[in-house]
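> All chains should be modelled from the sequences, with the hints used to inform the complete structure.
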Amino acid sequence: MELLLVFLIGLLYSAGVYLILRKSMVRLLLGTMLLGNGTNLLIFLLGNIVKGKPPIIKADLKIFMDIYADPIPQALILTAIVISFGLTSFAIVLLKRVYALVGSDDLDDLNTPEEEDL
Amino acid sequence: MIDNSIIATIIVHLFTAILQLAFWRKTVTQRVLSIVGVTIGFLFSLSLFIKVYNGEILKMNAANWEAPFGIVFVADLFSSTLVLLTSIAALAVSLFSAVGVGKSRMLYGYFPIFHFLIMGLNGAFLTGDIFNLYVWFEVIIISSFVLLTLGGRKQQLEGAVKYMALNILASTFFLTGIGILYGITGTLNMADLSLKIPLVQDQSIVNLTAMFFIVGFGIKSAVFPLYFWLPSSYHTPPSAVAATFGGLLTKVGLYAMFRVFTLIFIPNDFTRGVLIIMAILTILTGAFGAVVKHDIRRLFSYLIVCHIGFIVGGLGLYTKVAFMGAIFYLIHDILVKTNLFLISGLIRKMRGTLDTPKLGGLYSEYPKISLLMALVLFSLVGIPPLSGFWPKIYLFEASFNANNYFLVGSLIFASFITLYVIAKLWSEVFWKETSKTENLPDEFKIMNTFNKTLLVLPIGILTAATLYIGLNAEFTVQLVDRISNEMLDPSPYIKAVLNN
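As given, the protein sequences belong to chains B and S, one line each in that order. Residue numbering for the first sequence follows our numbering, beginning at 43 and increasing consecutively. Residue numbering for the second sequence follows our numbering, beginning at 665 and increasing consecutively.
Source of the hints: derived by calculation from the structure; they are not laboratory data. Heads up, some of the hints might be wrong.
[As the list claims (entries may be wrong)] Restricting the straight-line Cα-Cα distance to at most 20 Å, the calculated cross-link-like pairs of lysine to aspartate or glutamate (DMTMM-like) are:
{"id": "1", "chain 1": "S", "residue 1": "Lys826", "chain 2": "B", "residue 2": "Asp151"}
{"id": "2", "chain 1": "S", "residue 1": "Lys818", "chain 2": "B", "residue 2": "Asp151"}
{"id": "3", "chain 1": "S", "residue 1": "Lys826", "chain 2": "B", "residue 2": "Asp150"}
{"id": "4", "chain 1": "S", "residue 1": "Lys860", "chain 2": "B", "residue 2": "Asp112"}
{"id": "5", "chain 1": "S", "residue 1": "Lys826", "chain 2": "B", "residue 2": "Asp148"}
{"id": "6", "chain 1": "S", "residue 1": "Lys818", "chain 2": "B", "residue 2": "Asp148"}
{"id": "7", "chain 1": "B", "residue 1": "Lys104", "chain 2": "S", "residue 2": "Asp866"}
{"id": "8", "chain 1": "S", "residue 1": "Lys818", "chain 2": "B", "residue 2": "Asp147"}
{"id": "9", "chain 1": "S", "residue 1": "Lys826", "chain 2": "B", "residue 2": "Asp112"}
[Unchecked claim] Chain S regions said to be covered by chain B (calculated; three or more residues, Cβ under 8 Å):
{"id": "10", "region": "808-816"}
{"id": "11", "region": "821-833"}
{"id": "12", "region": "911-917"}
Ideal Cβ positions, reconstructed from N, Cα and C, are used throughout, including at glycine.
Here's what the structure looks like:
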């Protein structure tokens, strides 16, 4: 399971970076989304995945006696997902507006020269 | 010592923003609420600063969870100084916005978003938890996206795409760094991280994580080669927005860099080398960029980049004198850069353009305001005894002590370039005769006295603050001396967070 996740994370990061380096705005957006998901999986992986061990202390004990699943990475991922959802939805609206104004999906067309800027 | 009032500076702006949302479309009410909100925020941050300056490091446990487990807010001298500066800048920008921002932007929520942004900045300065810092960064960038795009001009949106793409990328790098950090240490509290990082067996992974933080914060604070979003977006929004961005947004990246690299990762020779090389190249590219631009705000954007290099260089040298120089420069830079963009907004009101060849004759028409602006420009250049002079002395001394003559050379070069562009700006905008062929509308002249005061007063407030830190340098030096001590020896910070 860990090995599978490692490869998946590597794939998401490399695909994300590749898409960000392209000139198209839509690919830029998809690239940031892939990178964000790769990061979320990375946090999930680094929080030591344990199956079926809830972080609950038995009534007669004061401390954890055996391995437990750490809930913090999941809380972090949940926060990160919500934030990236907000950012992505803003980005989609922004890119749509830019496409409507500029009429092009190419990032190189976004350079209004200094002389024309009033 | 536990003191729950440190969070007041955050809460004030949150409530102001929510109240303003209740008065959506009522622009006059929003303006009044905004000025009242920033004034209260200023008083809270002043009282916080005085408490921390005269007393000890204060903290607040969120929901009363003890330190390494819950989120803590910590106000040490560095944080509370920056919170105070933020609230001074916010006060000035809010006063200026009341007249300087168009009504159409106010109708679409300029003021609430502005207050959310200031709330995010205060939160980022005060938090003691690295993941919480990430969340405050996101609060800041989402507010800044909205402020940057509000109005929807083509140039604004073009700048916003670049700004957004690189800032989301920076957040991803930062979050990746946090993920690895949690994986190797099992904690997110910055003071606790400071204790656990030296215990990690494989220090190479720690250095790797440090690089993630350098890239993430490097994009946010606009250092070479990651600064290209800044000059292509900061000239597009209204000057009040650009003032908030120019004065505060890059500085929060620098704050995070200082916090992380003095508390969590103690830089080794390699990391220091990387920071110094980045600083030298930032200084040089920023200076060259400023020379070729003739739009005032594009010029100021490059000057921001150039002067970021001074502060990063101070961090890279990693000695007490260098820290004193860098922190002094940071304090000076927040006030002056905010003021410069407000000045550019005022010039735009007076002339309707910011293109230096078309401008001219401001000195003969507005001698008093021009002299006020001259004080700011002189502070920026660093004419003794104004505020830009003192930190440079410390930075020169620190780089000479480290035998780093490349850094000394680029600092001197950048100071000359700053002098050159400011002298050029002064003669072009203030002394040159107005060209008769251009028909430049003067909105400022036909305003009533109250509106004129609202535009000039914030520049006066910021200039007074700049003069205070420059002329009363004894106090400022004492302050930065204490802040540098806190940075070089974080044990009081760690003790305050974990033991109380």
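> If you draw a straight line from the CA of lysine 826(S) to the CA of aspartate 151(B), is it 20 Å or shorter?
12 Å, holds
> Regarding the pair lysine 826(S) and aspartate 150(B), is the alpha-carbon distance no greater than 20 Å?
11 Å, holds
> Is the coverage entry for the region 911-917 of chain S by chain B consistent with the three-residue Cβ rule at 8 Å?
Contact hint for the region 911-917 of chain S vs chain B: violated, 0 residues under 8 Å.
> Within 20 Å, alpha carbon to alpha carbon, are lysine 860(S) and aspartate 112(B)?
With Cα atoms ~18 Å apart, lysine 860(S) and aspartate 112(B) stay inside 20 Å; holds.
> Are three or more residues of the region 808-816 of chain S within 8 Å, CB to CB, of chain B?
holds (count 4)
> Against the 20 Å threshold, does the CA-CA distance of lysine 818(S) and aspartate 147(B) hold or violate the hint?
OK: lysine 818(S) and aspartate 147(B) at ~14 Å, within 20 Å.
> Within a Cα-Cα threshold of 20 Å, do lysine 104(B) and aspartate 866(S) meet the stated pairing?
32 Å, violated
> Is the Cα-Cα distance between lysine 818(S) and aspartate 148(B) 20 Å or less?
15 Å, holds
> Within the assertion that chain B covers the region 821-833 of chain S, do at least three residues meet a Cβ-to-Cβ distance smaller than 8 Å?
holds (count 9)
> Are the Cα positions of lysine 826(S) and aspartate 112(B) separated by 20 Å at most?
Since the Cα atoms of lysine 826(S) and aspartate 112(B) sit roughly 37 Å apart, the hinted pair is violated (cutoff 20 Å).
> Is lysine 818(S) within 20 Å of aspartate 151(B), Cα to Cα?
With Cα atoms ~12 Å apart, lysine 818(S) and aspartate 151(B) stay inside 20 Å; holds.
> Hey, lysine 826(S) versus aspartate 148(B), does the alpha-carbon distance stay inside 20 Å?
12 Å, holds
This entry does not satisfy hints 7, 9 and 12, going by the numbered hints stated previously.
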